[in-house]
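Place chains B, C and D on chain A using the hints.
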Amino acid sequence: MALVKHSKKACTVNPLKMSQPIGGSLAFMGVSGCMPVLHGSQGCTSFGLVLFVRHFREAIPLQTTAMNEVATILGGLDNIEQSILNIVKRAKPDVIGICSTGVTETKGDDVDGYLKSFRQRHPELDDLGIVYVSTPDFKDAFQDGFAKTVKKLVEEFVPQYDSPPQRAPQKINVLAGCHLTPGDIDELRDIIESFGLEPTFLPDLSGSLDGHIPDDFTPTTLGGVTKADISEMGKAGWTIAIGEQMREAALALEARASVPFQLFDRLTGLGANDAFIAFLSRISGRPAPIKFRRQRGQLVDAMLDGHFHFGGKRIAIGAEPDLLWSVGSFLTEMGAEIVGAVTTTSSPLLEKFPAEEVLIGDLEDLEQRAHGVDLLMTHSHGRQSAERLAVPLYRLGLPMFDRLGAAHEVTVGYRGTRNLIFSIGNIFIAQTHEPDPDTWRQDFGDADQHGPIVTESPLVQIEPVA
Amino acid sequence: MALVKHSKKACTVNPLKMSQPIGGSLAFMGVSGCMPVLHGSQGCTSFGLVLFVRHFREAIPLQTTAMNEVATILGGLDNIEQSILNIVKRAKPDVIGICSTGVTETKGDDVDGYLKSFRQRHPELDDLGIVYVSTPDFKDAFQDGFAKTVKKLVEEFVPQYDSPPQRAPQKINVLAGCHLTPGDIDELRDIIESFGLEPTFLPDLSGSLDGHIPDDFTPTTLGGVTKADISEMGKAGWTIAIGEQMREAALALEARASVPFQLFDRLTGLGANDAFIAFLSRISGRPAPIKFRRQRGQLVDAMLDGHFHFGGKRIAIGAEPDLLWSVGSFLTEMGAEIVGAVTTTSSPLLEKFPAEEVLIGDLEDLEQRAHGVDLLMTHSHGRQSAERLAVPLYRLGLPMFDRLGAAHEVTVGYRGTRNLIFSIGNIFIAQTHEPDPDTWRQDFGDADQHGPIVTESPLVQIEPVA
Amino acid sequence: MTTLANKIQDVFNEPGCGKNQGKSEKERKKGCTKQLAPGAAAGGCAFDGAKIALQPITDVAHLVHGPIACEGNSWDNRGAKTSGSSLYRTGFTTDIAENDVVFGGEKRLYRSIKEIIDKYDPPAVFVYQTCVPAMTGDDIAAVCKAAAAKFEKPVIPVISPGFVGPKNLGNKLAGEAILDHVIGTMEPEYTTPYDINIIGEYNLAGELWQVKPLLDELGIRILACISGDAKYHEVASSHRARASMMVCSKAMINVARKMEERYEIPFFEGSFYGIGDMSDSLREIARLLIERGAPAELMERTEAVIAREETRAWERIAPYKERLTGKRVLLITGGVKSWSVVAALQEAGMELVGTSVKKSTKEDKERIKELMGQDAHMIDDMTPREMYKMLREARADIMLSGGRSQFIALKAKMPWLDINQERHHAYAGYEGMVELVHEIDKALHNPVWAQVRLPAPWEETTWEERADKAIAAEAAALAADPAKAEEARRGKNICQCRSVSVGAIEDAISAHALGSVEAVTGETGAGGGCGGCQEKIAAILAERAEAGALPASKAA
Amino acid sequence: MTTLANKIQDVFNEPGCGKNQGKSEKERKKGCTKQLAPGAAAGGCAFDGAKIALQPITDVAHLVHGPIACEGNSWDNRGAKTSGSSLYRTGFTTDIAENDVVFGGEKRLYRSIKEIIDKYDPPAVFVYQTCVPAMTGDDIAAVCKAAAAKFEKPVIPVISPGFVGPKNLGNKLAGEAILDHVIGTMEPEYTTPYDINIIGEYNLAGELWQVKPLLDELGIRILACISGDAKYHEVASSHRARASMMVCSKAMINVARKMEERYEIPFFEGSFYGIGDMSDSLREIARLLIERGAPAELMERTEAVIAREETRAWERIAPYKERLTGKRVLLITGGVKSWSVVAALQEAGMELVGTSVKKSTKEDKERIKELMGQDAHMIDDMTPREMYKMLREARADIMLSGGRSQFIALKAKMPWLDINQERHHAYAGYEGMVELVHEIDKALHNPVWAQVRLPAPWEETTWEERADKAIAAEAAALAADPAKAEEARRGKNICQCRSVSVGAIEDAISAHALGSVEAVTGETGAGGGCGGCQEKIAAILAERAEAGALPASKAA
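Chains as they are written, first to last, in full-length UniProt numbering: chain A, 1 to 466; chain B, 1 to 466; chain C, 1 to 556; chain D, 1 to 556.
Just so you know, the hints here were simulated from the structure itself, not pulled from any lab data.
None of these values were measured; they are calculated from a predicted model.
Note that the Cβ used here is the ideal one computed from N, Cα and C, for glycine as well.
A couple of the hints might just be wrong.
If the Cβ cut is set under 8 Å, some of the chain C residues that face chain B in the computed set are [as the list claims (entries may be wrong)]: (1) E431; (2) N446; (3) V452; (4) P457.
Short, incomplete list of chain B residues facing chain A, as computed with Cβ under 10 Å [said to hold, decoys possible]: (5) Q82; (6) N86; (7) G108; (8) D112; (9) G113; (10) K116; (11) S206; (12) G207; (13) R294; (14) V300; (15) A302; (16) S346; (17) N419.
Just chain A, with the same shape it has in the complex (with noise of 0.2 Å):
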């Protein structure tokens, strides 16, 4: 259990957090056929674009209404719908999805009442998406964006049913949270297939930013969850929600057409995916393939033979809550002790995180509590404070752009968790230092310091199943 502070410094200092409405552009890259826009200054955009073209090494689609000062003094409500124009000309998307920034929010337009006339003057476009979301950036981080954008596009395209809907049992609604990397989206896929259930993701990075080379180039994404998938998925039988950030958008689509829901607030650890098997289980009636028994067996052994290089481990994690959540917990769940916690936003998650304090800071609050430690965890940021405190770093989180492969990593199911173990325990084993003749105090300090560890048996939290 944790104590959540919040930074007292007036200036940020080597930023954890990215924006919302970024976050929010993220959502939308997961629904095919869609071009997120930024409804704000271009450069804006521009950041953004660079930060997910370095992240996942991909052509990204990311346009921008333009805002310049007049408009901004104007308001921006011509620039949307020139926007829409040219982007429906040039691109031919299916949906176009907005984001506003703190440009536009500062001012303040009514987007929402402009697209309805907007609708009505162009009914040629009645067959265009058009999903507009309140993102300013001088509130929240990346993963609220990212969960509102959810929330919206179930609240657009799922319909309203008076009476709950004939269900399709064997499909299932994934709310996957913007801590999953399209690897993750990629495994769950295989798991719940495995159980002869349909998945839908919402949104589904897994198909957009795989970095898979499509046959031709379209300037809007390409794979993705379509606007005809969502629209049917107030018929599922059943939402998974993974991740804290998707109760919002589990409970809109409960909301719109009782869709019952599980949340997951992770997928990383033994326990916690032996809760996910048991409900893929019970909701499909069939007991679990083969290839989880085994699986888990090696997990359980990773495990094992890990847990002598995490036991007393002192690490330090910045990262946004749901991913802070589901590594930290592992982590301490494998004997380590989470000594640094930082993140971006507020989560009910974090009062229960195995750790004394979450503070919601910045990258110079985490390198102060990262002296010392084992391990540095947090996004390619991290890269100056582990050279200064010559410790490792390993990254986690977006943005990853000083290596290959972000957007393939995997730390979700059992064989993500046990390779989770391999890639964290193998930096633990090559730090390990030989023994020296002058080293022989040092080497085991004094008891306060080096004295029992405290850990706390970190919680799996699961939802009670309606």
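Just chains B, C and D now, with coordinates in the frame of chain A:
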């Protein structure tokens, strides 16, 4: 095309090679209910046991005929009998697999002949498989012992058919060379099964050494291919041999039961896997499942993203022939140059290897060839060389005793190849040295040192389909 | 805001800017901040440009006053290298919250400056204005002034919020900030007759260090590089240089010109890219210094170094000749640096696609610049099929371009080399040119291309074959139907920035009897964005003139 | 071979060896090389033992003469640490080929020695004989002699081929090799009254360095450690020490005893494991040195250091007490070191399972040793169900053992700590004991146990529940059928080395009226392997005696 040389030294320094009989015993470990036995002094087994325990981090079944001084002089046939009887009594195995050692080959008992008389004297053991392989330590290497054992398993357990038996076309034999990890075999099983085919792996280390937690312990192997499975291999539609080392076993199977075979000398790399997928598609009559289309795209993308980091990189590899061929060929396809290639034993692939020279030698030879390389790749014993050379070490092959997850390394298939690019590419990225004001000329030296790189386009060796 | 507006106007009037010289008074007033097409625009903002221009000053704190997006989404992502302090790589931002938007963020800004000075004690703090506080009216100049007085430390306001325009404008506004607040505020410890400034060089990938050793050898001191690997005091005392070199990107032309105006420091435009250009730049530096009083023997020594280095470079390029002869290089860039490498590529035996350049005369360079400049924008909008078509028609073996076209080029399985600012290799000076040839060789001969071009096992035809077929079918369809062909011709976009088609331009020319590029721009907007299509508009005008439709005056 | 046979006999006669003292002349002749049960044996060979004993000498080349198996399968896998040269970690082997087997490998050996000296120039080369060249008759002693003469460098033959016996024998043969060829061949630069040898300590995980600083503080010099972190010249000049400590593993008792015999260096057996033992060892060292002429004040200083260190250690163990009180530790080891840690574990509040040890008196230690020594072998043969049963009955919370039982313990999801030679943590001296407690605490309280014990989602009962049920069923079956119970009781193996059951022993006692453990061993072989079951045999004898069957003479 490489010049194949043998080290001329009298003294082997820092061995790369391991002995034949433990190679043979590893093959036996992929047979279900088997107790591998080294026919030699107890030290032979003890060293092998420690080696495998440290690599797989598993309890390893391996027994000894416990030859002492007197027995070595009088001959070891009695010890074989006692071993078999003791093992039967204690472990109730389905198969006992015996490999000879230097100790017993120096005198040179007629073990095969003796085993015939043993069979006559012990009809109660008719159901017990007993396989003896001649694997003197003072000849050949680990890979050879493995290959000979697989061939002998075929000869012992697959019946000789006078006319070709009725085939089950969906049944596929997979002869899996010792360069494949349990993880590789799992991956290959998934791939082959996706085409509706039913593979039988010989040997099958994925069931026995993958680190799962069994419900109860047996002193023999647990999992692996059964004696009954092997005896059915003559009825399979095809044999897929993976690794040149498996050619003899494939030929033996063809000779006994006319099973046609296709040899894949490697399954690391794009073209190699294209050939594999095309072959599976052809023999199954099914198109490649969509997931391979996506995985192929992801691999091509990874190759494109990765080639910036591989191009012109200088790599030294020490590995057994089939592993050297698999990984080395692929690395040159990525634009790297193999400046040092050392292996343990002869193979027809060596002279086709894309390097100037392949040396059958040791890690001292490799170290001499590795000055100034960007990466050293060999088993864990390369750690001392890497430290002296101050270059990174990628642990390749067996033993890998100083890292977790040896059994789960996957380098086959589109996905395995993709992940290999990430793993190695990220080592290169991590090694990138920042420019500084003083290195402007050293940074890019003389033309003869950093001049045009000469990489030959490596061949993907595909056996013509019968 | 008035100050900012004036600054912007001032920058638009920049007499050093070639583009401005061609504009009418009215157009100059409009400046570069015309509305870009919403939903069809790309590129950074003025804040981005200002940060790019000044962040290479290594020992100061760069504080971004704005919401998290402006710094949080982008920090520590630029390749400017340092030989000293790493403070410039630390991300500082006020990360303003809703409260600051409602009640103003000046207090937070002031406290942020204080925290930075308390914790990091830099020689100066640069404060960057962004859109939101500019809209809410935070007077950052006043806050900086107050903080500077209170903490007795320079606190420099950089007023360049994103919405005022594109990156280029931000570069120049950054220049104004240091002209107003930094340059001339300190004195160098000593001066020499060999002191120069280098303006507009950012030491990306350490390129300055490929040049500096030669200057060192000649006894020429870089008093200040603005701003690559610079320290604050160097920039602050740069007004004592004898001469300046402005690297040809023109990003900070206003700084060079105003330093000449204010401090009588003559400057020339030069480039470190390409062997000939590098030699020319060394000569120019020597010439200017000698003019300003350095001993004449400097020129002899300079020529000796040039001769030695050129010989060395050509010798090192020679071994690649055999492997590279006949290889066709497609150069695509919106910038102005890549054309200077042409000579080196030709010396290594390569051909530049689409030109018949035999020797790298100034004229040839101009032609390449012309050709490539126009296509700069276009490439981003190409489908792979179009890309493939272009590459096939050009029979190019490798493409050199900025990072933005990277993925398109790679997915078209085309060898590609990064020559923009995100590249990891340094290509400046003599060493850099050899490195470039080496890198091209490496990229071209990487066996990976043979691999990635393999058809997938489930494909009966390759992607390229299908593209060929589709292209042929389209061509046939157009050939069969002249009306459709004409429609296609007229539908093609000329100006990517403003989305203006051939047809629209032709119609405008006809309807309004337009005779100059300026006139076309005024009427249709085409050519008013990046300007890359102005030559194409001129070509249309010329064609119409030839066809006798109207008299055309050739555009600049 | 006669030399080797003599050596082996010599070692078997070792009067320093407690085991031998209990043997008859005839049994001693048989020595330790009796046939192990083929197909049911485990453990290393004599070559392995010799290598373990000598490889810690860091600056020499260790050359293994044999096929690749002997070195190639095992090199650089031991944990002896060095403060100087790393040459000892280099693997040298003649890697003999078929030719060498047929025609003899002496020439290859000679050339190998030459290559090593040419390339690595070590102060000496140690040459290890292995089975194959021993069988083919390579005279390595002669080759070593010739090479030593030719290259003017010590070349030491270590004649300990694998088939002559187990590891222990190899340890002693290695001792003979250095007694014959190394010790006494050089002189120290100087001597002091405080010079000691430490024999049988290998500096695994750097444990020597947990002891050495205290000796340094006391002014006591380790003239030679045989062989941990030793240099060749130290071992060669170790005959000038005033006293020796033989660490209690007894691995090289022959070295200690013969050095006393030859050089009058008194020795004592001591241990660095356990706080009390460590203190005793320091006292003994001081006492012996004083006896040999060192000033008496050494003892005062020693006591002061002991008092300080003990206080410090107990204080550092105290904080763990709350967390560890009542935790039950199961100690399993075939070696003799782990029992010395009992006091520290008890001080931290832990209980030793299966004993009622309250204070760590010498008697208690003996009892633990007795108890655990017997189970050492057994554990390797347990199924997880048996393991679970044992753990459940013992209600143990953690198991301490050697690496061989690691996987079985872990798969039974039992916290486990490595206390054998492959461990990565150093547990010697005062520091080591605190480290041990810390590691136990870490292992015990690792939340991973709660995780791995979770039942799989597809299991309706846990593995443990099923085991409980099976155990109960078995017990019920046995209770219901006395004949079956008796069969089960008699079928249980007592001697794991020779596979001898309770029934076989009981029958032999009855049939031959055996009265001593030796007699039982002579008749059945039981107890003739590792000797771990001798107490159990004695217990059977005692039981039979009590039952009035036969008079029993208690075994040693």
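Here is how each hint holds up against the structure:
Annotation: C/E431 was flagged as interfacial toward chain B, and the flag holds, the nearest CB pair being 6 Å apart, inside 8 Å. For C/N446, the shortest C-beta to C-beta distance to chain B is roughly 4 Å, which falls under 8 Å, so the interface hint holds. Of the supplied interface hints, the one on C/V452 holds, with its beta-carbon coming within about 5 Å of a beta-carbon of chain B, less than 8 Å. Checking C/P457 against chain B: minimum C-beta separation of about 4 Å stays under 8 Å; hint holds.
With a cut of 10 Å, the hint placing B/Q82 at the interface with chain A is violated, because the nearest CB-to-CB distance is about 34 Å. Of the supplied interface hints, the one on B/N86 is violated, with its beta-carbon coming no nearer than about 29 Å to a beta-carbon of chain A, more than 10 Å. A distance limit of 10 Å between C-beta atoms decides the matter here; for B/G108 the minimum to chain A is near 42 Å, and the interface restraint is violated. Checking B/D112 against chain A: minimum C-beta separation of about 37 Å lies over 10 Å; hint violated.
Hint status for B/G113: violated, given a least beta-carbon distance of 42 Å to chain A, over 10 Å. The beta carbon of B/K116 comes no nearer than 39 Å to any beta carbon in chain A, farther than 10 Å, and the hint placing it at the interface is violated. Interface restraint check for B/S206: the shortest CB-CB distance to chain A comes to about 9 Å, inside 10 Å, so the restraint holds. Here the hint on B/G207 is kept, as its CB sits about 8 Å from the closest CB of chain A, short of 10 Å.
For B/R294, the suggested interface contact is upheld, since its CB lies about 5 Å from the closest CB of chain A, less than 10 Å. Satisfaction of the interface hint for B/V300 is found here, the shortest Cβ-Cβ separation to chain A being roughly 5 Å, below the 10 Å cut-off. The restraint placing B/A302 at the interface with chain A holds, with a minimum CB-CB distance near 7 Å, inside the 10 Å limit. For B/S346, the suggested interface contact is broken, since its CB lies about 34 Å from the closest CB of chain A, more than 10 Å.
Interface hint status for B/N419: upheld, as the beta-carbon distance to the closest one in chain A is roughly 7 Å, under 10 Å.
Comparing the model with each earlier hint shows violations of hints 5, 6, 7, 8, 9, 10 and 16; every other hint is respected.
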